[in-house]
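Trainee: Next come the chains, spelled out residue by residue.
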Amino acid sequence: MLIKKPSDIKPSEITSESAYLSRRNFIRAGLAAVTTGATALTYRYFNPSPLPPVQVKDISNIELPKNFSTDETPNTIEQITNYNNFYEFGTSKDEPAREARALVTRPWTVEVGGMVQRPRTFDIEELLKFEQEERIYRLRCVEAWSMVVPWVGFPLKKLLEQVEPLGSAKYVAFETLYDKNIMLSSFSAGIDFPYVEGLRLDEALHPLTILATGIYGKELPKQDGAPIRLVVPWKYGFKSIKSIVKIMLTDHEPPTTWNEAGPDEYGFYSNVNPAVRHPRWSQAKERRIGELGLRDTLPFNGYGEQVAALYEGMDLKKYF
Amino acid sequence: MTDVRFNKILLWLNALIPLALLGYDAFRGQLGANPVEFFLRTTGVLTLVFLSITLSITPLRKILSNNQLIKYRRVLGLFAFFYGSVHLTTYFVFDRGGSLSGTVSDLIQRPFIAFGMLAFFLMVPLAITSTNAMVKRLGGKRWQRLHRLIYLTAIFGVIHFWMIVKSDITYPAMFALVLAVLLGYRLYSRYKPKPAVRRSAA
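Residue numbers (our numbering), protein chains in the order written: chain L, 1 to 320; chain R, 1001 to 1202.
None of these hints come from the bench; they were simulated from the model. Just so you know, not all the hints are guaranteed correct.
[Stated by the list, open to error] Mimicking DSSO-like on lysine-lysine, the simulated pairs with C-alpha atoms at most 30 Å apart in a straight line are:
{"id": "1", "chain 1": "L", "residue 1": "Lys285", "chain 2": "R", "residue 2": "Lys1166"}
{"id": "2", "chain 1": "L", "residue 1": "Lys180", "chain 2": "R", "residue 2": "Lys1136"}
{"id": "3", "chain 1": "L", "residue 1": "Lys318", "chain 2": "R", "residue 2": "Lys1136"}
{"id": "4", "chain 1": "L", "residue 1": "Lys246", "chain 2": "L", "residue 2": "Lys158"}
{"id": "5", "chain 1": "R", "residue 1": "Lys1071", "chain 2": "R", "residue 2": "Lys1136"}
{"id": "6", "chain 1": "R", "residue 1": "Lys1062", "chain 2": "R", "residue 2": "Lys1192"}
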């Protein structure tokens, strides 16, 4: 085939100026739509909407005497279940609500042993048969926020009485379940797993210290430490260890996860104390979840009258 | 409309989307259980995002041999300053209750706050001298030297973020990596061996 002339088609015959311009506008509109869509989706990916609460079983046939309860208004179940520190299921506040769904809470056993007369393993169903009470407690996180949570549970003392601690036992060590198939690695979370916590025996036996099995009259939502967790209302929240599988009595101060991660920041005692400052958060004030302003933090989270005697003669700035 | 003008509009549009979504979520009460903390964290991260994009203009310009890109740098830098201002204002009003003495004592007691403040206030002269008139008044060379302060802002900003994170350093580490690449590129192109000059045979 021969091409006789360079081209006898003028550019204007291929695309008219108006078509050229309208195509340009079309491309621009497309660009605007695609980029803004992508930006919005990226934003949403990093900031997903909170989830509705998962339905959990009622804790049935129980009387709920409200011993030691505060009369402050409890936080809503949405707040309590969408703002959690449960590093095994993610290090942000909203991840545990999604990721903890993988946690299997039945069957579940709690091994109780160490320096006790009668070591034994309790099935969760047995623990749910302990007489349950409602305890509306303030919860103060070391991150300077707080909530009021209507826990359901029973004093830890009642469990310890069943295993009969030896006279030589001085401390209680707790351990959270660790299942690497459904939980973060220590490397990703930046703290060691399994999560461990500890109390002095007299703290553990204090009537305010409970093992919680529920919130708002229903079994514990998974992200809140199902099926059984510790609640020590006068200490920073991280002491109240979640999803407990093991409780051991010992004669020495047990290692605790956050203390090992940052010994200058998180002490073994970690009593709520507005006078001990922290390099990240001023502990003098706190933000109650649901409020925009700040309130003053009280020594021992407002439970000083009941617990200050436990620490008589101790320098609480040294043993923070 | 020229392409540059259109691209600038596109930039504005995209840069304001996070703010619009933040505002929309705040309006319908969907900022989560702790809205103040969420707002602070998000505006802080956005500041670092815009600082990183601003700092990527020069390397991209050289790598892509596209000098047009310089035209978008000012807008990007000013958005970093804008989100930084929102971040600092939120902190001052809601976290410190608008108390100047409370802010100062926080500044002294918490090094990460000091780094954040430093990062922000180093941006102020850059924002003030961002107009064409100011470039002229200062003269190109001096203006350029002054605007190198953005390197410090970015470094202090990443340190600020790193220090507030309790244990999972993934996000601050990502920003640190991006920043290291962006600043590393500048060091490299400054000190790289000059192409050897071929000597003619004597």
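Trainee: Indicate, hint by hint, whether the structure satisfies it.
Mentor: Against the structure, the hints:
{"no.": "1", "hint": "L:Lys285 / R:Lys1166", "verdict": "19 Å, holds"}
{"no.": "2", "hint": "L:Lys180 / R:Lys1136", "verdict": "61 Å, violated"}
{"no.": "3", "hint": "L:Lys318 / R:Lys1136", "verdict": "59 Å, violated"}
{"no.": "4", "hint": "L:Lys246 / L:Lys158", "verdict": "16 Å, holds"}
{"no.": "5", "hint": "R:Lys1071 / R:Lys1136", "verdict": "16 Å, holds"}
{"no.": "6", "hint": "R:Lys1062 / R:Lys1192", "verdict": "14 Å, holds"}
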